[in-house]
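Just so we're aligned: 381 in our numbering is position 380 of the sequence shown, and the numbers increase by one with no gaps anywhere.
If you are wondering where the hints come from, they were derived from the structure by calculation, not from laboratory data.
Heads up, a few of these hints could be off.
What the hints assert, rightly or not - Computed list of lysine-lysine pairs in PhoX-like fashion (alpha-carbon distance at most 25 Å, straight line):
1) Lys201 <-> Lys157
2) Lys318 <-> Lys142
3) Lys318 <-> Lys196
4) Lys201 <-> Lys249
5) Lys329 <-> Lys152
6) Lys201 <-> Lys271
7) Lys152 <-> Lys332
8) Lys133 <-> Lys332
9) Lys318 <-> Lys125
10) Lys157 <-> Lys318
11) Lys152 <-> Lys142
12) Lys152 <-> Lys271
13) Lys142 <-> Lys271
14) Lys142 <-> Lys157
15) Lys114 <-> Lys125
16) Lys329 <-> Lys157
17) Lys277 <-> Lys196
18) Lys277 <-> Lys142
19) Lys318 <-> Lys329
20) Lys201 <-> Lys125
21) Lys157 <-> Lys133
22) Lys133 <-> Lys277
23) Lys178 <-> Lys201
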Amino acid sequence: AQAILAQEHSAAPAPRILPSAAVPARSLTHAMPAQKKGTKREAEVAAPVAKKSRSDPAVAGVAEALEQASDLSDACRRMLLAGLPKCVVGERHEMQAAVVTMIGQVVSGVQAKYQEAVDAENFKLRDVEASKAELQETLAKAEEVLAGDSKDVEAKTAMLAAAAESAMSAKIVLQEKQEAQRTGDAEMVEAQESKAALVKGTDTDLQTIVEGAAEDNSEHYEALLPLLAGLALEQSLLSALPSVCVKKATGRGAFDAMVLDQLRNSLREKIDALSKSIDASLPAAQEREAAVTAAQAQLDAATASQQAADEALSAAKAAEASAATAAKVAKDAVAAFEPAYSQATQARDAQAENLENFRLYNVGSFEIIRDQAAAPATTVGGA
């Protein structure tokens, strides 16, 4: 029977057992050592043994294992199921031992199938775990980049604040220097303006009046009047000027000429005095101008630094936003992968549980039956 079972194993993808037709039914169910005729009491003792075998939990566990042998032919399954209860005896004859061996092969084959299922799920799980590890690595790198970019934004923000403060300080310094220049140059500017007005009055208006060619010099006289207030002229000279200025050159006398000469000299003296005052004020004015120029240069540099810091911060924020997007995508990918990982883990655990349950119950049941025989009985046909 074992040789026939081996042939069936080699012909099928998994262990198979020869149909029961190859072994006489008597051999499976009644092949036991010849019994002598005994008393009624001995017959009554033999009957409960078969009844106990049929209800034995170990028999049920092995029968369940035989039912799970998908690659076992129905004929072989029926043969083994029929012979199984007869193997639950204190001593077995050779045919019963062969049946136990064949059942052990089938049970081992079913257990191997369970192990194959566990191995297959483990293989799938390893692929899933590798994919998960890759996604987690991508997430870790993305979060590392994001953390670096966030720190860069913080640094650039601090740099911009410092640059803005420097620019504000430079602006305040410039305003102070400009105010110092304005107040310090006020007298000099006034002197320069007065000098310019006196030079124009002397070279233009007075010269026109002295030449006396115009029909009416009243306009030029009116232009000279504001300049006379700052001149130290005698009252008699001031009183004579209106009439002298309107005369033509041909109608003037020596007195008229003297009045105009004195007016010219007074204007020139005033111009010279203002020139000396301006020259004396010029060095300090130049220092104030240089201070304003330097303060303006500092403000320009600080403003440029602030602009560069602002641009750098904008670039850092853009990089941080891009890194945050990448980190979110990576995080979502890990989260979206969790169901697949959980499903693969559950599938592996379910197969492992099936294998463990089969090992504990079905294989355990077979081992109980297998180990019940204390010693082999006589062979079939022995007396």
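(message) When the structure is checked against the list of hints, which entries are broken? Sort them ascending.
(response) The structure breaks hints 1, 3, 9, 12, 13, 18, 20, 21, 22 and 23; every other hint is satisfied.
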